[in-house]
Each structure stands twice: as structure tokens, then as C-alpha cells.
Amino acid sequence: MTRSRRDFLKAGATVAAGSLVATSPLLADTGRIVLPSDDLPRADDPVIKALMQVAIDTAKSGGASYADVRVAARRQQNVNTRDRIVQGVSDTDTYGLGVRTLVDGAWGFAATSRLDKDSVATAAKAALEQARANRASQLRPVVLAPTPGNQVGEWKSPIEIDPFTVAITDKVGYLLAANEAALKVKGIRNVNSSMFFLREEKSLMTSDGSYIVQTIYRTSPSMTVTAVSPDFRDFQSVQGNEIAPMGLGYEHVVNSKLAEHAPRWAELAVQKLSAKPVEPGRYDLLLHPSNLWLTVHEVIAHPTELDRALGFEANYAGTSFIAPPKDVLGKLRIGTDLLNIVGDREQKGSLGAIGWDDEAVKPVKFDIIKNGMFVDYQTTREQATLMSDYYQSVGKPVRSYGCSYAQSWADVQFQRMPNVSMVPGNNDDTWESMIAKMDKGIAIVGDGSFSIDQQRYNGQFAGQVFYEVKGGKIVGQLKDVAYQFRTPEFWKSLKAIGGPRSYHLGGAFGDAKGQPGQSNSVSHGCVPSLFQQVNIINTGRTA
Amino acid sequence: MSAFGSDARAPRSLFAPAAILSRAEAQEIAQRALRNSPAPETRVTINSAARADTRFALNQVTTSGENQDTQVTITAFDGNRAASVNTNRLDEASLAAAAKQAYEIAKLVPPNPERMPELEAQSYPPLRERVLSLPTPSERAAAAKIVTELARKNDLIATGFIECRAGASALANSKGLFAYDSSSSVTMTSTVRSPDGTGSGWACSDGNSFADLDPATLAATAVQKARDSRNPVAIEPGRYTTILEPTATGNLVQLIAGAMQARAADEGRSFFTKPGGGNKIGLKVVDERVTLLTDPNDSPSTGGGYDDDGLPLEKVVWIENGVVKNLNYDRYWAQKQGVAPTRSGGGGFRGAGRALRMMGGTSNIADMVKGTERGVLVTRFWYIRPVDARTILYTGLTRDGTFLIENGKVTRPIKNFRFNESPIFFLNNLEALGPSVRINASENLGAGGAVYMPAIKVRDFTFSSLSDAV
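Protein chains in written order, with my numbering: chain A, 670 to 1212; chain B, -9 to 460.
Hint data in this document are derived by calculation from the structure and do not stem from the laboratory.
Hints are supplied without guarantee of correctness; some may be wrong.
[Stated by the list, open to error] The calculated SDA-like cross-link candidates involving lysine to any residue, where the alpha carbons are at most 25 Å apart (straight line), are: (1) B:LYS97 <-> A:LEU845; (2) B:LYS90 <-> A:SER759; (3) A:LYS1148 <-> B:THR452; (4) B:LYS264 <-> A:VAL939; (5) A:LYS855 <-> B:GLY266; (6) B:LYS405 <-> A:ARG1002; (7) B:LYS264 <-> A:PRO946; (8) B:LYS97 <-> A:ARG751; (9) A:LYS945 <-> B:GLY266; (10) B:LYS405 <-> A:SER1118; (11) A:LYS1161 <-> B:PRO227; (12) B:LYS270 <-> A:PHE901.
[Said to hold, decoys possible] Example chain B residues on the side facing chain A (calculated, C-beta under 7 Å, incomplete): (13) ASP43; (14) LEU48; (15) GLY55; (16) ASN57; (17) ALA73; (18) ILE95; (19) PRO127; (20) ALA131; (21) ARG183.
[Unchecked claim] Covered, in the sense of this in silico footprint (three residues per stretch, anywhere, with C-beta under 8 Å from a C-beta of chain A), are these stretches of chain B: (22) 96 to 102; (23) 141 to 151; (24) 252 to 260; (25) 298 to 304; (26) 375 to 381; (27) 449 to 459.
Note that this is a predicted model, so its numbers are computed, not measured.
The beta-carbon is built from N, C-alpha and C at its ideal position, and this holds for glycine as well.
Okay, chain A solo, but in the shape it has when bound (with noise of 0.2 Å):
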């Protein structure tokens, strides 16, 4: 720690309440601590913890019932590359505090960067503000789960290598002979390569005297390669999408081995040109994880959170065909008795992973589909309470999941999804194994185009490479394949699914949901699974 930032912090905390400037509020003055950007703040810092009382005492003398305080210091990198040339090299750190107060059973939100005491007040008592404006057209107050309270803890993403001590010089190598290796393939036109790293150091701070600090990284490397024809009229490509984002460190990228994949992407996106044009019908289908694991996010992950099956999210991310809850849990039957779902935030080196959620709740894993059958929602503290007359019904604890989750220190805490995944199967069977049993069909591996309806009945999906499978082998590729299913049908088409060893976490870096819109990360771990008879569509329309 450097001894100026120290001293203007204590500057900056000790100016009184009330002293507002006159002068902008966004230049720096005598009131802001100064925090140089080669010394990111720390989520645990002293004075940063005493801001943060002073925003819950602020709502709480305001009238407040509950109140939570989040400090988030967040750092990303990105680095762009396009065939020989970078693109772009870029560092970006934010730093901020947001405040959300509960007054009366009404929720308010405000966010500022500005972090002096009279600021951080400021903020408090435009939460206060809010949530009195909102509750006069309340009709249903808000109720909180019980939680113990009082956590007190640290958490960090279990990293090797912190991705912002590596030096660029290293990342635009990886980078550039990954490129070099994809453009020696005849019939490459455009290779773009890419690594993104952010970390967040995050405090939170509660009325009900909780207190957590947590350091969250994740890492992305990705690579696209496009073969275009010789007489410029098709071009084709393929994503190295089997890579997937992680919770991880510099290590997750070089354990990708981006210039070791890049030749065999580059000759699928040539072979791709002469791939032979899907015909629509009905076949078989397996799915490779990298695959399957954003179906399960779009069509159950999605469809499983409480909010949007009470209609909360209706006007944009949609509602839900499991719902009502009183109709469908324990009730609605998913899928074979082969699907499994559970939702967890611990598995190592997953999006999802974190020791507590932002409203202070220890995450647990939980079930969501157990033997084809719906058992549960994704929940967050408000919405546990929504459902206490099932829980206590079925003997399970009225309690959050720990779902709660923001984007940034200036956006609203609500619910997201946390790791949703597939149970592997009882055997040994891999990829390889369940492509060998296959008489004749369709493998897809790697994501591509995705739409689905705001219920998540009508799917559409594609992928990055589609293989011809005959006799249970591998023929040849196809092109222009989608597969377009309803939703509980598909999951009811699922034959076979791979054991522990064929275990793999595919996973979005940004999933969008809310308003205004926040992104989330979250992996999902799924096995290769065999669909029977799916609709497939050939996507290749010339007029």
C-alpha cells in the first residue's frame, strides 16, 4: 500500500456529514479519497468498511428494516486479436458503492462512485427515498427469509495464476501464434483470437451484521476461424467454443492450448464449404457437452427461477411453462428418469462458484429435477417466502438458495441463476463409447445459434461442427443443421446419457436478465446425451 492512498482515505472518511461541495460532485476535492488506479482499492480496507456503516446506519435511522451495502473494486482485461495484427488491448477498473434499502416491505437501490462519507449518505437516503415513492403502490410488502445473519468470512476463486500478473507481451504471443497456426490452413480468410480476465473484489456488509469479502476471477480465452470460398460465394465458420469460460486463472489459458486446437477448427471450417446441406427431418442426435450445456441453461435453467415463474420478469427475459408452483412441483414431470438437475455455487473452477451470494446467504446445492421430475426453483430471500406454504408442506426450511446476485456495485441485487447442471449417468460411456452405439445420426459439438420463446417452450438450436454418424462412426460433415424442439418433448426423447468420466463445464461469460439488463456467469457441467428423434432444420435458405 502506497502511503498517499492510505492518508486520503483517512482524509476522505473523516470529512463531516453535511459538508457536501458545491462545486461538481465529479471533480476530484478535499472530500474524495483518492485511490491511485496502480493501487486498486481492497474490499476489506478499514475506511472502505467504515463507508460502509455509514450507508446502513444512514438507512437505518431512515426508517429501514433491513439494509444491505455492497464495495465493489473490479478489474478486466481484454485483448483482441485479428489474424497478425492486435486489435486492441484494453484495462478497465471500476470502483463504486451501491445501497439497497427495505422500508415498510419496499425495495430502493442507489449507486454511487463517489466514495466520501457524505456521498455514501447521499446514496443511503436516495434508497430511503425510492422505496417510500415505490411502496405507495405496493400491494404485497416484501418478507425476507431468515438467514443466520452475522456471516463473517472471506472467499476467493481457487486461481494458480492471477491473470493480471502475466505480461502482455506473453498474451499477445499466445495469442498471435495461435492465429499463425489456424491462417497456414489453405482457405482461411479471417481468424480472430481473443482472452479476457476480470477479477472482483467485493465487500458486503448487512443490517442483520453480516460482513464478507470475496475475490471472484474468471477467464475466457475464445478463437473464431472463417473459411471463405475461392469464388467468394460461401464463407463458413468455426468457434472454438469447446473452450469454455471459467472461474479460473491464467492457467485456465494455457491449459486451453488455443495454437494446439487451431488447425483442426481451421480444416473444419474448410471441410464446412463442401459439407454436405442437411435434409430436414427426424434423427437421432447426440450432443457433446460444449453443446448441450447452453440448451440446459436456455430451457431449464432459465425456466426455473422463481421470479420469472410468478411472472416477475414477464416484460423482458419472459415467464415460465413450469409454473404455477403449486401445479408443478413434485408434480410436472421434465424429462426420462435419466435427467438430474442441481444447482450448486461450489464446484471448483466454475462461473457460478462463490462462498456467499449478495444478500449475505451461504450458497447450498440443491435439487431442481430429480428422476425426469421437477422439485424445485432457484430462490433468492424475498422469493423463499413465496413459497412457504410448499416448503413447509414438504418439510424443507423456508430458506434462500443463495441466488442473489448483481453485475456491478451499480446495479440492484436480484435473482440470477447459479451453476445449473446435469447429474452424470451411472457408467462409463464417453463421447467416443455413445458415438460408436449410434446406427445413424447427428453428433453436434459446440454452441451456436440459439432462440427461444419467453416460456422456453420453442427452442431452436444450432452448434459449430455437425457430424454425419453411421454405423457408429463418424462419416462426414453436415452443414445448415438446426434442431427445433418443444421443450418437454425433448426431454422426454432422452435415451442415454455419459458417466462421470465424459463430465464436462461449458458455461456464459454474460447472461443476460433484468431491467435495466444485468450480465451474469455461470458454467454448467453436462455429459453427452443421445435424444431420439429430433426435428431437424436445414437453415440454409438462399431466397
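Given chain A's structure and the hints, the job is docking chain B onto it.
Chain B alone, transformed into the frame defined by chain A:
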């Protein structure tokens, strides 16, 4: 004037308008970065915004939020080497540290042979007069209540969103360029559903300031659509004469603008690639009544905007009377091809301060329906994702009000459809256009862009499967 009024004496939101960066403040921040930059050349980009939003669901306000932030991006150039550092800490020490960090990284990055030199000072049009303010939480809650109350009276359930943004941006470089602009935009949307879950209606109101919103009309439209859409029937997927309301038109037509990149076309990676080589400028690609443009005058910004390099934006006609007039050339590609760079801010929806306009016609939805023997009326599309870049083919679904037209009348609600369709295809099958109106065509219905679209009637729109979703 909006139906619920706006009291000029009411206290503004706590974060506005004081948080909107003035030109002088922006200059001061830019200088703070520039004078501390060790790089031979430096660019500073400033984005400052205040946001206020209110969400409502199940006929009551559920959450709201207010925040403000100013972010500064410092790009250091060392010859053709470049790197950027972005921060929201604006004091001199932080900006100096960020500038130093950008330069330290830039020195390690391989030179980019495509990098263009920084521009000298440019001249920009004067800013238009506009009050940049945000509504109070009570004003937003009152607007929400207009919708929730009408829904309640009709035994329906309203969910919706109000978002208001106001802010300023600036760009400065070490060659003396300084650009400044300010903007504000607001949007309100609501989805109204029937309690039995069989009907859903939607409407939007979009503008540059809170007084532009018309929640009463929005409420009436969404409620009516919710009532009319209950208990939809399934009809066979297939090709239908289809009337797209302005939002539905915008949902798909904006996808064309996004694909109009000259380089991708010239390199064979675009619909706008000419078979055999070259691009489609000068070729007719859609019906001659189609004209698509970006115009700074439509922009939510008061200055009309500037691009990433600081070039002032100008009106760009992308398609005129069905013929491709322009593709987007960045400065490098323009130089390589011997043409002028396109002053559109990147082209497509991003262009001209996020303004996009399809010119309208003289018809209207009532007349279009009257002249339709059998067809489909679409309120809006959703979850639109690319399927085939070679034809700008996308998939997605209808949502919140899809109706059957028979013998010149809207006869009944129908189940939603999935489409696999390209705006290029259906704009070749154009029958009629209505007047162009401002809509919200973004998927998450946030505030920001100004999109003007007409209702249109087209033949043979391809609906490929049915959805049970309401």
C-alpha cells in the same frame, strides 16, 4: 405533454442534473489525463451518465435504482502500438497512473500496421437546446401506476419498466482535438397478461425526455392487446402475408444496418459481398420503396455525435430506393480502398448516435388489414439470433399480440410463431408502408437509441414452427 404531468418545481432525482458533466468539466478531466500522459500520442474518451429506473410487476412497483458514474478511457499510442486503460477514478493521481499504465502496456504490444494517426481538431455543430434531467422516484412510480391501475381495473396483470438516462461524453487527444456531446433518453414498456396466462399484450413509449412519455396510451394499448390475445388458436406454420407493427419492423430491419460493414463485404464474409468479388454498392437488394438511413438529427444526443476517432457524424443513407448506397468504411479501410471514411459512428444501429430510420409510406395498419384476405398481424419479435450471415437470416419468435387477419378483419388471436427469415427477403416482398414512428427495438427494452420505423405489409413471411408460449 405527458398525461400525468411534470411539476417543474418538484425535486429532481438526487443524481441529476448535477451529475451531468459540463463541457468545462470534461475539458478539465481530459487535460488532467493528457498532461500526465507519458505517451507520444494520447486519446482520452469520457463517458458520464446518470440513470434512474423503476420496475413494476404483478401490478406494483418492485424495484428501482439510481446511479451515476463517469468513466475515462485513456489510449496511449507509441507509433503504431496502442493500449487503453479505463477507470472511473477521476483525480489527477488516478488518471496519471492510468495514463502511465496504458503507455507501459502499449510499448509491449506489437505495432498495428492498420492504425490510423490521431485526427487534428475538428469542428462540430452547436448543441441543440434540451433540459437534461431525470424524473424523481415518485414521478416514475406515478407513471407506472397509470399502467398498473388500468390493468387492475381490467383484471389483468401489468409488468413493466421505465428507464431514464442523461449524460455527456467527450473525446480529446494530444493533437488538440476536443469533442463534447450530451444526450438524454427515456423509455417505458409494459407487458400486460391475463391471470390465466392465455393472453399477453405489449406496448412501448420512447423519447428523449420524460415528458415525451405517454403512459396512458401505452396502458390502453397493452391492456387492449392483452384482452384481445386471450385463448389463441394454433394455425399451421408457413408463408403468410404479414403486417408488422413498427416495433416488429424495427426488430428485424435494424439487423441489415448491422451487417453493412465494407471490409467484411470486400473480404467475402457478408451478404453485401458481390458473388465473384467486390461489394454490392450500387446494386438493388430490396424493394424500391425501401430507404434506410442514420441521421444525427434523429439522435438522442444534442450534438449529433462523433465517432470513436472524433469525426463528427453526418447523415448517411445506407439503402436508397432499394439500392445499396453506402457501406461503413472505417478510416483504415477507406484509405486502403481509396474512398472517404463513413461518418456514421461505426455504421448500423450504432451509427449517428444510435439513430436509425426507415422511411415510411402513406398507408396505415387499418388500411393494410382491410386489404388482406388472409394474413398475420405481429406486435413484436423476440429472442432474435443470427442463423446465417450469408443472407442476414435470423430466427426468433412473435410475442405479446399475434393475430389472424381474415377477409379484411382481425378475427382472432393465434399462437406465437418462430420464424427463420431475413429482412432482405421480406423487404423484396413489400406491399405497403405506414408512417415512420419512434419505437424501442432493443431486446432488453433499455433506453438509448432512437429508432424510427413504419408498419409494413409483406407477402410470404416465413413462419417455421409454432410456440405454446404466451
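Now the hints, each set against the structure:
Simply put, LYS97 (chain B) and LEU845 (chain A) have alpha-carbon atoms about 17 Å apart, close enough for the 25 Å limit, and the pair holds. Among the hinted pairs, LYS90 (chain B) with SER759 (chain A) is consistent with the structure: their alpha-carbon atoms are about 13 Å apart, no more than 25 Å. A threshold of 25 Å between alpha carbons decides the hint, and for LYS1148 (chain A) with THR452 (chain B) the separation of about 21 Å falls inside it, so the pair holds. The hinted pair formed by LYS264 (chain B) and VAL939 (chain A) meets the criterion: a straight-line CA distance of about 20 Å does not exceed 25 Å.
Using a Cα cut-off of 25 Å, the hinted pair LYS855 (chain A) and GLY266 (chain B) holds, with the two alpha carbons roughly 19 Å apart. A C-alpha spacing of about 24 Å is found between LYS405 (chain B) and ARG1002 (chain A), which places the hinted pair at or below 25 Å, so the restraint holds. Between the alpha carbons of LYS264 (chain B) and PRO946 (chain A) the distance comes to roughly 22 Å, so the proposed pair stays at or under 25 Å and holds. Note on LYS97 (chain B) and ARG751 (chain A): the hinted pairing holds, with a Cα-Cα distance of about 19 Å set against a maximum of 25 Å.
Restraint check for LYS945 (chain A) and GLY266 (chain B): satisfied, since their Cα atoms lie roughly 22 Å apart, inside the 25 Å limit. Taken as a hint, the LYS405 (chain B) and SER1118 (chain A) pair is honoured in the structure, with Cα atoms around 23 Å apart against an allowance of 25 Å. With a CA separation close to 24 Å, the supplied pair LYS1161 (chain A) and PRO227 (chain B) stays within the 25 Å bound. With a C-alpha separation of about 13 Å, the suggested pairing of LYS270 (chain B) with PHE901 (chain A) holds against the 25 Å cut-off.
With 7 Å as the threshold, the beta carbon of ASP43 (chain B) comes within range of chain A, its nearest partner Cβ sitting at about 6 Å, so the hint holds. Because the beta carbon of LEU48 (chain B) sits about 6 Å from the nearest beta carbon in chain A, less than 7 Å, this interface hint is met. Contact between GLY55 (chain B) and chain A, as hinted, is supported at the beta carbon level, the nearest pair being about 4 Å apart and thus within 7 Å. A hinted interface residue such as ASN57 (chain B) counts as satisfied when its beta carbon comes closer than 7 Å to some beta carbon of chain A; here the least separation is about 4 Å, so the hint holds.
The criterion of a C-beta within 7 Å of any C-beta in chain A is met by ALA73 (chain B), whose closest approach is roughly 4 Å, and the hint holds. For ILE95 (chain B), the suggested interface contact is upheld, since its CB lies about 5 Å from the closest CB of chain A, less than 7 Å. Because the beta carbon of PRO127 (chain B) sits about 4 Å from the nearest beta carbon in chain A, less than 7 Å, this interface hint is met. The criterion of a C-beta within 7 Å of any C-beta in chain A is met by ALA131 (chain B), whose closest approach is roughly 5 Å, and the hint holds.
With a cut of 7 Å, the hint placing ARG183 (chain B) at the interface with chain A holds, because the nearest CB-to-CB distance is about 6 Å. For the region 96 to 102 of chain B, the assignment as covered by chain A holds, since 5 residues bring a beta-carbon within under 8 Å of that chain's beta-carbons and 3 suffice. Taking a C-beta to C-beta cut-off of 8 Å, the region 141 to 151 of chain B contributes 4 residues in contact with chain A, enough for the three needed, and the coverage statement holds. Closer than 8 Å: that is the beta-carbon criterion, and the region 252 to 260 of chain B has 3 residues meeting it against chain A, so the requirement of 3 holds.
As drawn, the region 298 to 304 of chain B meets chain A at 0 residues by the rule of a beta-carbon pair under 8 Å; below three, the given contact is violated. Coverage of the region 375 to 381 of chain B by chain A holds. Counting CB-CB distances below 8 Å, 7 residues qualify, and the rule asks for three or more. Counting residues of the region 449 to 459 of chain B whose beta-carbon sits less than 8 Å from any beta-carbon of chain A gives 7, enough to reach three: the coverage restraint holds.
Comparing the model with each earlier hint shows a violation of hint 25 alone; every other hint is respected.
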